[in-house]
Amino acid sequence: MAMTKTKKQKKLVNYSKWGYFFIAPFFIVYTVFALIPLLNTFYYSFFELYTVGINDVKGPFFVGFDNYVEVVTKFKFFQYLGNTMIMWVMGFVPQILVSLLLALWFTSLRLKIKGQKFFKTVIYMPNLIMASAFAMLFFALFSKGGPVNLYLVEKGIIPEAIDFLTSVGWTRSLVAFMNFLMWFGNTTILLMAGIMGIDQSLIEAAQIDGARASQTFFRVILPLLTPILIFVIITSMIGGVQMFDIPQILTNGNGAPNNTTMTLVMSLNQHLVSKNFGMAGAISVLMFIFTMMLGGIVLKITMGDNKIKKINTTPKKNGKGGRK
Amino acid sequence: MSEVIKQKKLIDPNNIDRRGKESKFRLYVSRVVSYLVLAFLTFICIFPFVMLIVNATKSHTAITQGFDLIPGTRFILNFQNMIDHDNMPVLSALVNSLFIATVSASLTTYFSAMTAYGIHTYAFKFKNAAFTFILFIMMIPAQVSTLGFLNLIAQMNLKDSFIPLIVPAVASPAVFYYIKQYMQSILPHEVIESARADGAGEFRIFNTIVLPMIKPAIAVQAIFSFVFSWNNYFVPNLVISSKEKKTIPLLIAQLRNADYASFDMGQIYMMICIAILPILVVYLFLSRYIISGITAGSVKG
Chain Y
1 MAMTKTKKQK KLVNYSKWGY FFIAPFFIVY TVFALIPLLN TFYYSFFELY
51 TVGINDVKGP FFVGFDNYVE VVTKFKFFQY LGNTMIMWVM GFVPQILVSL
101 LLALWFTSLR LKIKGQKFFK TVIYMPNLIM ASAFAMLFFA LFSKGGPVNL
151 YLVEKGIIPE AIDFLTSVGW TRSLVAFMNF LMWFGNTTIL LMAGIMGIDQ
201 SLIEAAQIDG ARASQTFFRV ILPLLTPILI FVIITSMIGG VQMFDIPQIL
251 TNGNGAPNNT TMTLVMSLNQ HLVSKNFGMA GAISVLMFIF TMMLGGIVLK
301 ITMGDNKIKK INTTPKKNGK GGRK
Chain H
1 MSEVIKQKKL IDPNNIDRRG KESKFRLYVS RVVSYLVLAF LTFICIFPFV
51 MLIVNATKSH TAITQGFDLI PGTRFILNFQ NMIDHDNMPV LSALVNSLFI
101 ATVSASLTTY FSAMTAYGIH TYAFKFKNAA FTFILFIMMI PAQVSTLGFL
151 NLIAQMNLKD SFIPLIVPAV ASPAVFYYIK QYMQSILPHE VIESARADGA
201 GEFRIFNTIV LPMIKPAIAV QAIFSFVFSW NNYFVPNLVI SSKEKKTIPL
251 LIAQLRNADY ASFDMGQIYM MICIAILPIL VVYLFLSRYI ISGITAGSVK
301 G
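Same order as they appear, the protein sequences are chains Y and H.
Just so we're aligned, residue 1 is where the first sequence starts under my numbering, counting upward by one.
Just so we're aligned, residue 1 is where the second sequence starts under my numbering, counting upward by one.
For the record, the hints were derived by calculation from the structure and aren't laboratory data.
Take the hints with a grain of salt, since some may be wrong.
Here are the computed lysine-lysine pairs in the DSSO-like style, where the Cα-Cα straight-line distance is at most 27 Å [unchecked claim]: (1) Y:K300 - H:K127; (2) Y:K117 - H:K125; (3) Y:K275 - H:K245; (4) Y:K117 - H:K215; (5) Y:K17 - H:K245; (6) Y:K17 - H:K24; (7) H:K159 - Y:K58; (8) Y:K112 - H:K24; (9) Y:K74 - Y:K275.
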């Protein structure tokens, strides 16, 4: 008996070495193409290193935190962070409200919405569209001589063509609207899974006790949904910080009008293209710190809080949840 | 008997609110409102693409004169013009994008599955450390290490090459996490043990037994990886410089960049169509699997 046990243990140890073999490719590639570059980025954020003209490289000279000071003062880090956040909020507020409403409707046993498959397919579709092509399409549609202006003028809704892309409000709104369109379907489906994860008997109990729809929502569903809502908010914010393709293509990379739609990654991209590596490094590190702070919150929610039920699109128990 | 019926009525959610006609009327109104809102959202999701396709069938003059929904007859001509355009290597960009996206998707799914299997099956010393590490790096945005990445590929002489666009796909934390979750729900250790008893090697067990078992997860992630790579603009824009190596998003940017004014509007809409339609068509066929793939793995239980 004792013999077999040690034998078995030995066998287990033998096999367990295979684990390294299976995870090796991932870790080797990650180290080479992501970890070392990340450390390299940190390193260069403390050096002055830029290129004048085509190939005249200046530096690297160690400058301490000078790059960070310059990024914040001369290159308006906080203004670009502000732009990014404003456009994110403008898209996200309608997104979360519409998604919550749709998720409630789709899961409502009272409403029994028909054609859910169709609606879900349609509202998720923009998420897969190439963001740069989508921005290019909106640029063409909303340009001064574009179809939107042509139509509105022809129908007499506006007296003359609006130059959408020279107005701060319009340009930001277009970016926000595109972000909204691309993401509200995704959020709806996440929230639906969250609502279906809630024990239906709690909702039924509230209804039997005579709670109105609004009471059921605010007193039962919303509190149970809070962890998932926070998860959605923070992950969307992390995505928002990385906003690039849409404003880049829509404004041709210049953040027009007057840098009001310039996002952080757009300015990072500018420094990378012009080979001003010290500045690019400093922006990257600041972005990294900001994202890690947000990420810490996500990790705390997803790992620490047991209240989140395992999200699954398949309905819980006896098929409740009102699809079909 | 009558009690059973009464109970049934109680449970039926339509009868819980027993305010009779008023309640029925309210239900009717909220149904109408919800369908109207859904119809509106459907409209704004679809209409931009309808405008895109309609305009791609028209001539430049027809597009600049006004908008209507009647398709033109120049779809094929616009397509032909776009392909023949000297500064826009559309065909080679299509081939490049297709190649990069296909290879990336294959690498991502195969090696993520391998990593997930390694962590799922074996009890090695750094197993938990490795898992926590991958969860942690999942949140680091790719853009923040781009500077170092560009330095690295310059040193490796890989500028203007497809390798930096393909090989990093091997290490994809999000895909790993999804497949790991899937394995947890579907792959019992007994299967592996019985395969071992039959004398199969570890690597062979993974390739011939485990991979077929996790096919659905692989398929979903392959689609997402393909779409991500196809749509990717940020990194290719900084890596690729020569005309014949450009991918589709780079041509879109080029279209917006210097050439916009010099282009026939029909061709511009056609170019956007070329970028979007392949994904749209695939999506229409596979939407069921894609939508069910969104939620699983996004929140840990």
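We went through each hint and held it up to the structure:
no., hint, verdict
1, Y:K300 - H:K127, "holds (21 Å)"
2, Y:K117 - H:K125, "violated (46 Å)"
3, Y:K275 - H:K245, "holds (21 Å)"
4, Y:K117 - H:K215, "holds (23 Å)"
5, Y:K17 - H:K245, "violated (42 Å)"
6, Y:K17 - H:K24, "violated (66 Å)"
7, H:K159 - Y:K58, "holds (21 Å)"
8, Y:K112 - H:K24, "holds (14 Å)"
9, Y:K74 - Y:K275, "holds (17 Å)"
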